[in-house]
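Make a model of the complete structure from these sequences and hints.
For the record, the sequence lines run as chains S and C.
According to this note's numbering, the stretch in the first sequence is residues 1 to 376, in order.
According to this note's numbering, the stretch in the second sequence is residues 377 to 730, in order.
These are computed hints drawn from the structure, not numbers from a lab.
All figures in this text were calculated on a predicted structure; none of them were measured in a lab.
Derived DEER-like restraints, expressed as beta-carbon distance ranges:
| hint | chain 1 | residue 1 | chain 2 | residue 2 | range |
| --- | --- | --- | --- | --- | --- |
| 1 | C | Asn442 | S | Pro200 | 28 to 36 Å |
| 2 | C | Met625 | S | Asp297 | 55 to 63 Å |
| 3 | S | Asp271 | C | Ala596 | 30 to 38 Å |
| 4 | S | Ala272 | C | Phe530 | 28 to 36 Å |
Simulated pairs of lysine-lysine, DSBU-like, Cα-Cα distance not exceeding 30 Å:
| hint | chain 1 | residue 1 | chain 2 | residue 2 |
| --- | --- | --- | --- | --- |
| 5 | S | Lys117 | S | Lys62 |
| 6 | S | Lys197 | S | Lys240 |
| 7 | S | Lys308 | C | Lys585 |
| 8 | S | Lys228 | C | Lys585 |
| 9 | S | Lys228 | S | Lys354 |
| 10 | S | Lys228 | S | Lys155 |
| 11 | S | Lys199 | S | Lys182 |
| 12 | C | Lys585 | S | Lys278 |
| 13 | C | Lys585 | S | Lys240 |
| 14 | S | Lys189 | S | Lys354 |
| 15 | S | Lys289 | C | Lys585 |
| 16 | S | Lys96 | S | Lys173 |
| 17 | S | Lys240 | S | Lys199 |
| 18 | S | Lys139 | S | Lys128 |
| 19 | S | Lys228 | S | Lys345 |
| 20 | S | Lys169 | S | Lys90 |
| 21 | S | Lys155 | S | Lys366 |
| 22 | C | Lys585 | S | Lys300 |
| 23 | S | Lys240 | S | Lys300 |
| 24 | C | Lys585 | S | Lys294 |
| 25 | S | Lys90 | S | Lys366 |
Output of the computed footprint for chain S on chain C, the stretches with three or more beta carbons under 8 Å from beta carbons of chain S:
| hint | stretch |
| --- | --- |
| 26 | 422-428 |
| 27 | 444-451 |
| 28 | 568-575 |
| 29 | 579-588 |
| 30 | 697-703 |
We put the CB at the ideal spot given by N, CA and C, even for glycine.
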Amino acid sequence: MHIQFKAAGLSAALLLATVWPALAEKISLKDVTGRDVEVEVPVKHVILGEGRQIYFLAALDKTNPFEHVVGWRDDLPKADPETYRAYLAKYPDIAKLPTFGGMKDGTFDIEQAVTLKPDVILMNVDAKTATEEAGYIEKLAKVGIPLVYVDFREKPMENTEPSMRVMGKLMGKEDVAEDFIKFRADSIKRVTDVLEKEKPKRPVVFVERAGGYSDDCCMSFGNENFGKMVEIAGGINMAKDIIPGTFGTVNPEQVIASNPDQIIITGGKWDAYVPGGKWVGVGYGADLKEARRKLEDLTKRPAFTGVKAVEDGNVHAIWHQFYNNPYQFVAIQEIAKWLHPDLFKDLDPEATFKELHARFLPLDYKPGYFVSLKGE
Amino acid sequence: MAGTALTADIAGRERYRALAFRRIVILVLLTAALCVSVAADMALGPANYEIRQVLLALFNPEVAGNQLRVVIWDIRMPIALMAVTVGAALSVAGAQMQTILSNPLASPFTLGISAAASFGAALALVTGVAVFPAAVQYMVPINAFLMAMLASLFIYFASTMRGVSVETIVLLGIALVFSFNAALSLLEYLASEQALAAVVFWTMGSLTKATWAKVYVTAAVLVVTVPLFMRDAWALTALRLGDDKAASMGVNVRRLRLQTMLTVSLLAAIPVSFVGTIGFIGLVGPHIARMVVGEDQRFFLPGSVICGALLLSATSVVSKMLIPGAILPIGVITAVVSVPFFFALIFSNRRRSW
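Here you go:
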C-alpha cells in the first residue's frame, strides 16, 4: 500500500515534470521567408512538408526525432534511400507514418493534413508558390494550424541557420539548435579562415553531377549547390560561367579545353535505378575499394583525355546527397582538403562527421562518403 | 490538229524536264548546305582548334596529338554524324507516315511511337525494370526501342482489321500518345529525384549520347529502308492521289500501307531510343521538302532525307554555340531552329503544298 502510494506520487511528479516545460506558450516567430507566425510551443504534432526535414529534427533529438512527427512527405526514401533505411532499421514505426506523395508539385492533400491534427506544418521554401496558389495558409489558419517555411536547399548557406533556429524554437530545443549552429559555423570557419589568411592559388575544379548515371558525359553545376561549395572550399567552379542556372550540361570538349586541376564526381548507390551502371557508389557504409575502381573507370572517358586532374590523380568522388543536406559543411571540409592538401593537413573531415553523429544524430557513423584516386 | 498536239506535247516535255532539273538543282543546293553544316559542326567547339588542326586530325590522325584526336574523332564526329543520321531517319519516317495516312499532321509522334519510347526509357530509369532482361547496360535504349515497336505493332495489327480506315489509325495513334503520356506522368510522379531528373533530361533529347556504334546502327537502318521506299516510289506517289485512283493504277494499297508502316516504325524507333525524343524534325522535315521539291517521291524522298539531316545538323551546331561550353537540350533547339524557317516557307509559299 505504502509503496503503491509512493509510486503514484512519483509518477505524478514525473508527469508534472514532463508536462511543466511543455505547458503551451504562444510565441511569435519569423520563418525564413520573413513571415511572422504564431505557434504554441513546444509542438507535439508536426507534419513535415518534406521528409528530408528530418535531417534537422534528427540533429535536435538524438533519442527519437520521429517522436512528434505525425505525417511526412515520402521524398526521403526516394532521394536518400540509404539514410531512410538506416532510420527505418532504428525506428521501424516510421514505415507506418502517413505520407504525402509527389515530388513534382511540392504540395500536399490539405484534407489529410487537417485530419492528422498537427500543431504546425513545416514546408520547404521550394513549395511556397504551390502552397500559396492553393490558398493553403488561409485554409489552415481557419482550423488553427500554422504553417512555417524552412529551407536548406534553395539557399543553404544563408538559410540553414535561421531554419535550424525556427525548428529549435518549435521543438523547445533552442539550446541544442544553437549548439548545432555553432558546430556547423565553426566547421566552415576552419576552412574559410585558413583560406582568407593564406590566400592560396585557387584551382579550377570540374564537378560532374552523377557521373556514370547515364551514357552522357558532363552534367554539372552552375553557381549554386556543389558549384558554390567548391568556391567556398577555395576552388574555381569550372562551369560557373557556362551553366546559367543551377543545373546544366557541359560540352565534353569543354572539359578538355578548360583542363581542370581537380575533378569531383558526385555518386551514390544507384543499383535500384541503373543496375550495373558506371556510377560511383559512395555513401553510408559504402565499399570504398569498389567505388575507387569505378571512379578510375570513369576517368577513361573521352572527355577526360589528357586532362591535368586525371594526369595528377586529382580525381575524387563525393556523396551526391550532400547537395541538399544540412550536413554539407562536412563536404566543404573534404573538398577543401582535396583542393589544398598542404593547407589542410590537420583537418580531418571524417572526424568532423563522426563528431556530428556522436553529438547530435541518432545514427551511428559509418564511413564511405568520399573516395579519391590521390594517395593510398 | 495533230501538229498542235505534237507541239503541246513537246512543250510539256520541255516543261517537265525544266521542272525536274530545277528540283535536282534544289536537292544539290540542300546537300551542299548539309555539307557546310556538318563541316561547321566538326570545326566548331569550345576547344577552339584552328581549321588546320581539325583537318590534320581528320586526315592524319596518327600525327595529331592525343587530345586533338579524341576531340575530333570521339567527341565531335559521333555527334555530327548522329545528327545527320537521326535527322534523316526521323524525317523520312515522318514523310512516309504523312504519305500513307494522307494526313499532313502525321509524324512518328502522332502514332505514339515516341511517347511509347519515352515510357520505355522512363520505365528503365525510374524502376530499373528491363523489358528485355539481357544487357542491362543498354537497358534504357532497349526498353525504349521495344516499347516503340510494341506501339507500332499494335497500330499495325489494328490497321489489318477489316473496316479500319486511315482516320481510325490516326485516332488510335492519338489514343496511344495520351495513354503513354499518362503512364509516363505516373512514373514521374513515383520517381526519385535523381530518376526524375534523368527522365526529364531523356525526354528533352540529347545528341551527347552519340557513340560510333549508334551512328552505325542508325545509318544501317537508313541504308536498308530508303532503297525499299525508292523501289515503291511511284506507288507511294500514286497513293497521294487517293486510295481508289492508286488502286486503279494497280497499286496494292493495303499491302503498301502495312509494309510502309512497319519500315517507318523501325526508322522512328531506332533514333528515338538512342537520342531521346527529338520532336518536330519528323513533322517539319518532310513539309519543307514537299514545299521545295513537290510531292513526287523520286524527289520528295531524297528531299526529306536531306532536309531532316540538315535541320538536325544545324540544330546541333546551334545547341553548342548558343552558350559556349554548355550543351542545350537538342529537343528545345530543334524548335528554335526549324520553326522560323518553317514559318518563312509557309508564308512565302502560299500555293497549296498539301
